[in-house]
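Number of protein chains: 2
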Amino acid sequence: MKQYQEMAKEELLKEKESLEAAYKEYQKRDLHLNMARGKPSTEQLDLAMDLLNNVLDERDIIIMSNGLDARNYGGLEGIPEAKQLIASMVGAKPDQVLLHGNSSLNMMYDTVSRAMTHGICGGTPWMKQEGIKFLCPAPGYDRHFAITEHFGIEMITIPMSPEGPDMDMVEKYVNNDPTVKGIWCVPKFSNPQGYVYSDETVRRFANLKPAADDFRIFWDNAYCVHYLYDEVVEIPNIMDLCAKAGNPDIVFEFCSTSKVSFAGGGIAGMVSSRKNIDDALVSMAVQTISHDKINQLRHCVFFENGKKIPEHMKKHAEILRPKFEAVLKALDRDITPVGAGTWVKPLGGYFITFETMDGCAKRTIQLAKEAGVTMTGAGAPFPYHKDPKDSCIRIAPSYPHLDEIVLAADIFTVCVRLATVEKLLEA
Amino acid sequence: MKQYQEMAKEELLKEKESLEAAYKEYQKRDLHLNMARGKPSTEQLDLAMDLLNNVLDERDIIIMSNGLDARNYGGLEGIPEAKQLIASMVGAKPDQVLLHGNSSLNMMYDTVSRAMTHGICGGTPWMKQEGIKFLCPAPGYDRHFAITEHFGIEMITIPMSPEGPDMDMVEKYVNNDPTVKGIWCVPKFSNPQGYVYSDETVRRFANLKPAADDFRIFWDNAYCVHYLYDEVVEIPNIMDLCAKAGNPDIVFEFCSTSKVSFAGGGIAGMVSSRKNIDDALVSMAVQTISHDKINQLRHCVFFENGKKIPEHMKKHAEILRPKFEAVLKALDRDITPVGAGTWVKPLGGYFITFETMDGCAKRTIQLAKEAGVTMTGAGAPFPYHKDPKDSCIRIAPSYPHLDEIVLAADIFTVCVRLATVEKLLEA
Chain G
1 MKQYQEMAKE
11 ELLKEKESLE
21 AAYKEYQKRD
31 LHLNMARGKP
41 STEQLDLAMD
51 LLNNVLDERD
61 IIIMSNGLDA
71 RNYGGLEGIP
81 EAKQLIASMV
91 GAKPDQVLLH
101 GNSSLNMMYD
111 TVSRAMTHGI
121 CGGTPWMKQE
131 GIKFLCPAPG
141 YDRHFAITEH
151 FGIEMITIPM
161 SPEGPDMDMV
171 EKYVNNDPTV
181 KGIWCVPKFS
191 NPQGYVYSDE
201 TVRRFANLKP
211 AADDFRIFWD
221 NAYCVHYLYD
231 EVVEIPNIMD
241 LCAKAGNPDI
251 VFEFCSTSKV
261 SFAGGGIAGM
271 VSSRKNIDDA
281 LVSMAVQTIS
291 HDKINQLRHC
301 VFFENGKKIP
311 EHMKKHAEIL
321 RPKFEAVLKA
331 LDRDITPVGA
341 GTWVKPLGGY
351 FITFETMDGC
361 AKRTIQLAKE
371 AGVTMTGAGA
381 PFPYHKDPKD
391 SCIRIAPSYP
401 HLDEIVLAAD
411 IFTVCVRLAT
421 VEKLLEA
Chain P
1 MKQYQEMAKE
11 ELLKEKESLE
21 AAYKEYQKRD
31 LHLNMARGKP
41 STEQLDLAMD
51 LLNNVLDERD
61 IIIMSNGLDA
71 RNYGGLEGIP
81 EAKQLIASMV
91 GAKPDQVLLH
101 GNSSLNMMYD
111 TVSRAMTHGI
121 CGGTPWMKQE
131 GIKFLCPAPG
141 YDRHFAITEH
151 FGIEMITIPM
161 SPEGPDMDMV
171 EKYVNNDPTV
181 KGIWCVPKFS
191 NPQGYVYSDE
201 TVRRFANLKP
211 AADDFRIFWD
221 NAYCVHYLYD
231 EVVEIPNIMD
241 LCAKAGNPDI
251 VFEFCSTSKV
261 SFAGGGIAGM
271 VSSRKNIDDA
281 LVSMAVQTIS
291 HDKINQLRHC
301 VFFENGKKIP
311 EHMKKHAEIL
321 RPKFEAVLKA
331 LDRDITPVGA
341 GTWVKPLGGY
351 FITFETMDGC
361 AKRTIQLAKE
371 AGVTMTGAGA
381 PFPYHKDPKD
391 SCIRIAPSYP
401 HLDEIVLAAD
411 IFTVCVRLAT
421 VEKLLEA
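Note that the protein sequences, when read in sequence, are chains G and P. Note that our numbering has the first sequence beginning at 1, numbered continuously upward. Note that our numbering has the second sequence beginning at 1, numbered continuously upward.
Quick caveat, the hints were computed from the structure, so don't treat them as lab data. Heads up, some of the hints might be wrong.
[Claimed, not checked] Mimicking DSS-like on lysine-lysine, the simulated pairs with C-alpha atoms at most 25 Å apart in a straight line are:
id: 1; chain 1: G; residue 1: Lys-128; chain 2: P; residue 2: Lys-362
id: 2; chain 1: P; residue 1: Lys-275; chain 2: G; residue 2: Lys-128
id: 3; chain 1: G; residue 1: Lys-9; chain 2: G; residue 2: Lys-345
id: 4; chain 1: G; residue 1: Lys-133; chain 2: P; residue 2: Lys-128
[Stated by the list, open to error] Chain G is nowhere near these chain P residues, computed Cβ spacing over 12 Å in every case:
id: 5; residue: Glu-25
id: 6; residue: Leu-31
id: 7; residue: Leu-33
id: 8; residue: Asp-50
id: 9; residue: Leu-52
id: 10; residue: Ala-87
id: 11; residue: Arg-114
id: 12; residue: Trp-126
id: 13; residue: Asn-176
id: 14; residue: Pro-178
id: 15; residue: Glu-234
id: 16; residue: Gln-296
id: 17; residue: Asp-334
id: 18; residue: Gly-359
C-beta: ideal position from N, C-alpha, C; glycine also.
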């Protein structure tokens with residue numbers, strides 16, 4: 001088949017007619033499919049059912065290695081065993097870990113909120129500083145951008161490449177502008193593109209010379225152990241590189257078991273320097289007496305303090321891989337021949353990003369919606385929901401059943417093609 | 001025996017000598033007793049062990065009545081069953097409940113923090129208002145005062161009586177001063193005095209006419225079901241009274257199962273108007289995707305959505321009552337004959353407050369510490385840790401074993417008497 005860009009008007013009109021016929025057939029079926037959110041599927045959640053039912057009725061299980069009863073008050077930093085678990089996921093040391101509740105997002109929000117009201121390590125509260133900014137590599141995670149937007153922090157878009165954020169631009173901002181206070185990063189299997197930051201990118205992050213003392217890298221290592229294939233992808237240890245570069249305090253690294261055990265009942269932690277952890281604890285000691293140490297314990301028993309996580313993640317991969325491949329297969333089959341978009345096959349994470357021809361993302365998503373396939377909202381992966389080229393679509397294949405994904409992907413490619421043809425005919 | 005106040009100097013000197021001898025005997029024993037914090041004992045935690053091991057392996061248990069899988073993302077307000085549980089504890093309606101994680105303190109902190117950065121229901125953020133204040137009935141809960149102190153909110157002490165806070169003073173401040181934004185209350189078995197607000201006090205709270213639109217009552221119903229005897233003590237439903245008084249939005253009521261199930265792994269919630277809940281959700285939707293719904297579910301199964309809580313609390317009472325009575329017995333035996341202090345026997349909650357002669361609290365606590373008995377720090381129940389009369393001591397008998405409590409109480413009364421005699425000799 002001919003690439004759309006090379007088709008004459010008559011050919012495009014004919015193609016449009018045929019696509020519209022296919023599209024209408026799907027519309028008739030009153031479907032309700034959803035590829036909008038990176039939620040684990042029921043089958044994945046079932047993998048950890050023994051975590052719910054592991055037996056904690058022996059006193060020696062309940063008493064932690066530091067003598068603390070997991071059921072009682074105390075232990076604000078988290079139980080030692082769970083520090084080890086989180087540390088094992090990101091290659092950190094247990095004493096670099098500060099545990100929180102069930103949500104790393106909650107911890108990121110609280111970290112920003114704390115900086116707003118109390119500043120970072122003795123610095124002026126961000127709410128008392130004028131015109132503060134965050135760098136937002138985009139496409140990125142919509143919930144990151146929602147936090148900075150909620151606190152009225154100006155967001156600056158940094159372009160992404162398969163190597164990671166544009167580091168020339170990052171360095172220019174961070175090293176010269178003291179109003180730049182942070183940057184959101186998903187360094188491994190980035191949300192939504194599945195990119196893995198290159199060694200050079202990580203090294204350049206560690207060697208930033210921030211103009212602001214209270215600048216921090218928000219390093220959301222959300223997919224640190226979330227491979228789709230046997231191929232393990234490593235990124236350099238940012239904490240180690242920062243320490244070596246004389247920047248021991250510039251990183252807050254976040255990690256959780258939300259997509260390892262249960263999305264609604266995992267454990268989350270932050271990896272950072274002792275100075276940053278002590279600073280966070282000043283507020284956290286006022287905020288709560290302890291997070292849920294029993295759930296921490298439950299995870300430690302089930303995952304043997306982290307040892308069993310890699311093996312467990314292989315089971316997740318077995319469920320997720322066919323869903324990703326179903327989408328990729330449909331794209332290869334329907335999009336490649338007509339050149340109606342591009343994508344990169346991810347090796348891990350929860351998303352595939354589809355790049356339409358400029359100006360076609362919003363229309364594609366609308367068409368999909370009207371045929372019963374909900375996609376992540378257009379613009380969502382960008383600060384202020386503004387996709388400058390209107391070309392980025394986040395595909396989340398994890399939650400629906402495989403047969404639903406197959407069907408949704410078929411509909412999606414029809415929508416992409418139809419939107420592209422419409423656009424070309426406008427021109 | 002003669003009351004100390006009536007003793008001549010020679011009698012006091014003789015008494016001092018005899019007390020010092022007894023005190024020194026205790027010091028020799030190298031004891032490590034602690035009556036400082038309101039922690040449940042191991043025996044109490046054991047009461048809920050089946051909650052840890054209840055079986056959640058059936059799919060129909062995992063799927064909530066609203067169709068949500070408790071294990072997955074979503075359900076920010078909490079599962080319907082758990083709303084019912086929290087509602088049942090404080091006589092609220094389930095739709096008045098917003099759930100949080102394992103800590104009501106965390107929810108109070110977040111509520112204040114949110115008001116600081118985003119204001120309440122569209123009001124100006126508290127951080128952008130000058131000189132804001134909270135009323136602090138005192139003696140009160142040190143962790144409440146720590147929150148307002150942490151955010152730099154000025155604290156105004158309101159005297160407590162067995163009827164509750166001095167309502168003339170509360171009304172004068174709240175109804176006239178728009179910089180007064182909140183008041184901390186523990187209406188039932190107040191921390192630390194065990195007082196229960198009178199019906200009239202609750203009615204006057206509900207009928208406040210706040211000068212500030214963003215004034216709220218922080219109604220920490222921490223001991224709502226925490227009786228020491230069969231005698232059930234009820235307070236009027238503040239939510240209902242406020243609605244009747246045309247003040248539907250002035251209360252945030254807090255409640256948790258920390259001292260029902262596990263201090264470190266319970267569930268917590270806020271009861272408030274729909275308007276306040278929706279306002280909180282604007283920020284909470286940015287802060288997290290959901291709290292731990294599995295732990296909510298676990299509680300619902302174990303407590304049958306709240307029905308079994310009263311019966312469960314009787315088991316707590318059986319463990320706590322002898323400990324409280326051991327302290328009261330020592331006070332009756334050793335303090336009453338010499339008139340060295342006063343106290344009120346509580347019918348619930350976690351504390352006994354002992355009032356020394358003016359100027360003797362700090363010295364008593366120091367003496368106790370040096371004899372191996374740790375008490376809550378002097379001044380802790382007051383804003384800025386300043387007990388104006390240096391007379392208030394919080395006794396927390398819940399955690400140690402009964403025999404330890406008996407011993408600690410014996411030592412405590414010696415310390416009280418010694419400090420009192422010292423004081424009288426100074427004069």
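Results of checking the hints against the structure:
1. Annotation: proposed proximity of G:Lys-128 to P:Lys-362 is violated, straight-line Cα distance about 39 Å (limit 25 Å).
2. A distance of roughly 29 Å separates the Cα atoms of P:Lys-275 and G:Lys-128; the hinted pair therefore is violated under the 25 Å criterion.
3. Proposed proximity of G:Lys-9 and G:Lys-345 is contradicted: the alpha carbons are some 32 Å apart, above 25 Å.
4. Our distance criterion of 25 Å between C-alpha atoms is met by G:Lys-133 and P:Lys-128, whose separation comes to about 19 Å.
5. Residue placement check: P:Glu-25 keeps its beta carbon more than 12 Å from all beta carbons of chain G (closest about 30 Å).
6. Look at P:Leu-31: its CB is around 19 Å from the nearest CB on chain G, clear of 12 Å, so calling it non-interface holds up.
7. Here P:Leu-33 stays apart from chain G, with its beta-carbon at least about 17 Å from theirs, past the 12 Å limit.
8. With a closest Cβ-Cβ approach of about 9 Å to chain G, P:Asp-50 is found to fall inside the 12 Å limit, against its non-interface label.
9. Annotated as non-interface, P:Leu-52 brings its C-beta within 12 Å of a C-beta of chain G; the closest such distance is 5 Å.
10. For P:Ala-87, the shortest C-beta to C-beta distance to chain G comes to about 21 Å, beyond the 12 Å cut-off, and the non-interface label holds.
11. Consistency note on P:Arg-114: stated as away from chain G, yet its beta-carbon is not over 12 Å from all of that chain's, at 8 Å minimum.
12. With 12 Å as the threshold on Cβ separation, the claim that P:Trp-126 sits away from chain G is violated: the shortest Cβ distance comes to roughly 10 Å.
13. At the 12 Å boundary, the C-beta of P:Asn-176 stays outside the reach of chain G, the nearest C-beta of that chain being 28 Å off.
14. With a least beta-carbon separation of about 21 Å from chain G, P:Pro-178 lies farther than 12 Å from that chain, consistent with its non-interface assignment.
15. Distance to chain G confirms P:Glu-234 as a non-interface residue, since its nearest Cβ pair spans about 28 Å, more than 12 Å.
16. Remark: the non-interface label on P:Gln-296 conflicts with the geometry, its nearest Cβ contact in chain G lying 9 Å away (cut-off 12 Å).
17. With a cut of 12 Å on Cβ distances, P:Asp-334 stays outside the contact zone with chain G, its closest approach being about 30 Å.
18. Separation of P:Gly-359 from chain G is adequate, the least Cβ-Cβ distance of about 30 Å exceeding the 12 Å criterion.
Checked against the numbered hints given earlier, this structure breaks hints 1, 2, 3, 8, 9, 11, 12 and 16; the rest are met.
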